[in-house]
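Chains as they are written, first to last, in the numbering used here: chain A, 881 to 1084; chain B, 881 to 1084.
What the hints contain is simulated information worked out from the structure, not anything from laboratory work. Possibly wrong hints are sitting among the right ones.
One copy or two, either will do: identical chains are not told apart, so a pair holds if it fits within one copy or between any two.
Straight-line distance between alpha carbons at most 20 angstroms, and here's what the computed SDA-like set of lysine to any residue pairs gives [claimed, not checked]: (1) K1052 to P888; (2) K1052 to V954; (3) K1052 to T916; (4) K1052 to D1001; (5) K1052 to R1010; (6) K1052 to D1007; (7) K1052 to A891; (8) K1052 to A1080; (9) K1052 to P969; (10) K1052 to R1069; (11) K1052 to A1081; (12) K1052 to I1083; (13) K1052 to V1004; (14) K1052 to L885; (15) K1052 to Q933; (16) K1052 to L1075; (17) K1052 to Y1038; (18) K1052 to R902; (19) K1052 to E982; (20) K1052 to G993; (21) K1052 to A887.
Protein chains: 2
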Amino acid sequence: MTETLEAPGLAIDDATADRLFRTARTVTTFAESDVTDEQLAAVYDLIKWGPTQMNVSPLRVLVVRTPEARARLVAHMPEGNQERVTNAPVTLVLAYDPEFHERLDVLIPHMPGAREIFAGDADVRADVARKSALLQAGYLIVGLRAAGLSAGPMNGLYDGIDAEFFAENGWKGLLVVNVSSAEGADTTRPRAPRLSFEDAAQIV
Amino acid sequence: MTETLEAPGLAIDDATADRLFRTARTVTTFAESDVTDEQLAAVYDLIKWGPTQMNVSPLRVLVVRTPEARARLVAHMPEGNQERVTNAPVTLVLAYDPEFHERLDVLIPHMPGAREIFAGDADVRADVARKSALLQAGYLIVGLRAAGLSAGPMNGLYDGIDAEFFAENGWKGLLVVNVSSAEGADTTRPRAPRLSFEDAAQIV
């Protein structure tokens, strides 16, 4: 049992609001402890329920764990991000599947023609997949934190990553995320400011 | 005090995991109760802390509340989505600001030249802004749920929306989200399946 004070205006408790958003940081140094595939599966099984366009669910996840795979990924990171990938317990490459329509028989059973809507136009598919997969990447970053993990999202050199890892399955890389236990992970500088609601929103 | 049983593999309690992801649904019918600007500000003040590339924070939010503004938005929705916008207590147009670099003096104080990195290339800015704003849109959908609200994300006709609402500030629409109190909101059909971790992930 934990004391659950609700954060002002929220329906979740203060500690959870901190864990998911308010004190969570993009980590650049990592805990020594392992991050298991079971932990990553628990994160996925949580965030897979987040909404995507028509439920197309195009996010795919490459889990980079072995020293060999890590070295292949480091070779396709900008120089400033190489050390982090080298040091992280595990690194995810978040990607989208441009052939997501081949799974719509499973994902959209209530609309038997769903596959055909997307089958003819690869450009439309790439737009739809990229957009929904980035929403899912947002859910996944929150989900990692919900599992007691910290996320260190950053960009890779995606042409190289796609050629190195996705030549067969055709996935397209979107984001690289170092993952560590939250406890023991850290960041480099004080939290930078954000825009206020008044600055970022307009009410009509 | 609430009993806080942790969900398997997670560091948040079961009820919160349900609220944020597992039982939350994309709503299509709405509670009669109002959604206040204060509630929306609390959501924004939670999710503004989520990570974006270099902290560029390009997400902008148009809050469509008055009957007049609602009618202007409905005119730029696909026919199948018009009734939902008409009936929702409040609807958000999530957008990105292609001129986000003009705020980087505030957002990236530790890197004085940050504005200039983006000032010269509008295409790069659009790519960066769209990508980070979609991550933020993912955070926002989770944040609405964290505030006891339900989200109904869907697509609008963005060329028309941009011309109608963003002619002056230059924002670019990305997603339209109906918002309602979770209690009293509902959805139309049973939850569709998702891909398993084994289907969506590859471990190397």
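Evaluation of the provided hints:
1. K1052 to P888: neither (40 angstroms within a copy, 31 angstroms between copies)
2. K1052 to V954: Answer is within: at 17 angstroms inside a copy they meet the 20 angstroms cutoff, but 34 angstroms across does not.
3. K1052 to T916: So K1052 and T916 fail the 20 angstroms test inside a copy (24 angstroms) and across (40 angstroms) alike.
4. K1052 to D1001: Close inside one copy (17 angstroms), not across copies (24 angstroms); limit 20 angstroms.
5. K1052 to R1010: For K1052 and R1010, the Cα distance is within 20 angstroms both inside one copy (9 angstroms) and across copies (17 angstroms).
6. K1052 to D1007: Classified as both: same-chain Cα gap 12 angstroms, cross-chain 15 angstroms, threshold 20 angstroms.
7. K1052 to A891: neither (36 angstroms within a copy, 31 angstroms between copies)
8. K1052 to A1080: between (31 angstroms within a copy, 13 angstroms between copies)
9. K1052 to P969: neither (23 angstroms within a copy, 38 angstroms between copies)
10. K1052 to R1069: neither (31 angstroms within a copy, 32 angstroms between copies)
11. K1052 to A1081: between (32 angstroms within a copy, 13 angstroms between copies)
12. K1052 to I1083: Between copies, since 16 angstroms is at most 20 angstroms while 37 angstroms is not.
13. K1052 to V1004: Classified as both: same-chain Cα gap 15 angstroms, cross-chain 19 angstroms, threshold 20 angstroms.
14. K1052 to L885: Classified as neither: same-chain Cα gap 42 angstroms, cross-chain 38 angstroms, threshold 20 angstroms.
15. K1052 to Q933: Both. Shortest intra-copy (18 angstroms) and inter-copy (19 angstroms) distances satisfy the 20 angstroms Cα cut-off.
16. K1052 to L1075: For K1052 and L1075, the Cα distance is within 20 angstroms only across copies (18 angstroms; inside one copy 31 angstroms).
17. K1052 to Y1038: within (8 angstroms within a copy, 25 angstroms between copies)
18. K1052 to R902: So K1052 and R902 fail the 20 angstroms test inside a copy (31 angstroms) and across (27 angstroms) alike.
19. K1052 to E982: Classified as within; 16 angstroms inside a copy, 31 angstroms across copies.
20. K1052 to G993: The answer is neither: 25 angstroms in one copy and 31 angstroms across copies each exceed 20 angstroms.
21. K1052 to A887: Answer is neither: 38 angstroms inside a copy and 32 angstroms across each miss the 20 angstroms cutoff.
Of the hints listed earlier, those the structure fails to meet are numbers 1, 3, 7, 9, 10, 14, 18, 20 and 21, in rising order.
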